Amino acid sequence: MQLIEISTRERTVMVDITGEVEQAVTASGIQEGICTVFVPHTTAGVTINENADPSVRRDILNKLAEFVPHNGRYNHTEGNADAHIKSSLMGSSIQVLVKDGRLAFGTWQGIFFCEFDGPRRRKAWVTVLPCK
Amino acid sequence: MQLIEISTRERTVMVDITGEVEQAVTASGIQEGICTVFVPHTTAGVTINENADPSVRRDILNKLAEFVPHNGRYNHTEGNADAHIKSSLMGSSIQVLVKDGRLAFGTWQGIFFCEFDGPRRRKAWVTVLPCK
Amino acid sequence: MQLIEISTRERTVMVDITGEVEQAVTASGIQEGICTVFVPHTTAGVTINENADPSVRRDILNKLAEFVPHNGRYNHTEGNADAHIKSSLMGSSIQVLVKDGRLAFGTWQGIFFCEFDGPRRRKAWVTVLPCK
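Chains as they are written, first to last, in our numbering: chain W, -18 to 113; chain F, -18 to 113; chain L, -18 to 113.
Hints listed in this document are in silico derivations from the structure and should not be mistaken for laboratory results. All the pointers check out, no bait thrown in.
Heads up, simulated DSS-like pairs for lysine-lysine below, C-alpha to C-alpha not over 25 Å straight-line:
| id | chain 1 | residue 1 | chain 2 | residue 2 |
| --- | --- | --- | --- | --- |
| 1 | L | 113 | F | 113 |
| 2 | W | 113 | L | 80 |
| 3 | F | 113 | F | 80 |
Predicted model only: the values in this text are computed from it and were never measured.
Given these sequences and hints, build the entire structure.
Okay, here's the thing in structure tokens:
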């Protein structure tokens, strides 16, 4: 298990961690298998989406904010109920296949840590399991 | 593969199954790897979220009900189309890393079976894969 | 890693790929483990849901279209911002447990490739990891 540390500067932001995950895969020495990225937070998530145009990330965050407004009416009274709901919608983990010692990705795919209650210091954990 | 059995008493409810999953990890004897929890139902799901304040679960269920009302207009005529849609939004499986023979979790994380068409007798399956 | 090729004929459609995934599991020769299906596209996804009544798929696609309209206002200007958002909501991968050399599924579960920006030629990759 390898640790990625992320410092977020806004309340909601998607941070590209593809390079850090790729390094963890290289460090594992595994040539073929599955890489799992897990986020140990209940007000953050992780997703795979377009790595080229940053406006895609803004559209995702805007749509989530429209669906789950920060200042909506919630039972949870810590002011971050929206962040918990977004966390379950995006999910706490992603998987990517590993081939020839690298992430087997589509051309436009990147891995994004989703901060929904920042700014904070956050973590993501990476594990690679071999095929055989 | 180990079996967890869940009896739900309401139409929609999130049931904390963290303890049962932890037991399955212990029983596997695996020290480092990945634990997968899979739900073999199309009107239920599984998610990871806050284990402390139960109001977080109510907020998640309320928001899903607002988005996908039980009595909305659907093509599927069995009266549980909302449950099928919620199932795909939450997902049928979660992964948690395993370290030192235990779930490697964040402080506030728990695993929740999401019942969307209860009350019913339900199952979840747990498998642990070793790192090496 | 095994390749599934999918040709979609509509802009949005859910294509049942359960049979192809089952074949990949058989070809792997693995008796017990976990099967991962990964979609290397940022305007498509993969989900598990009911395999019997096709109206369930229509309800899922209709609800996603209501939430994320094709012609809504987005920052991304390629005309497929909705498809990117839906991709993150459904997810890029699914896991199914493998037992006795077959997918360990619920009776009504199928695996569906989710096209959100077709028609296109698409891919899904399948990997099976053994339990021991």
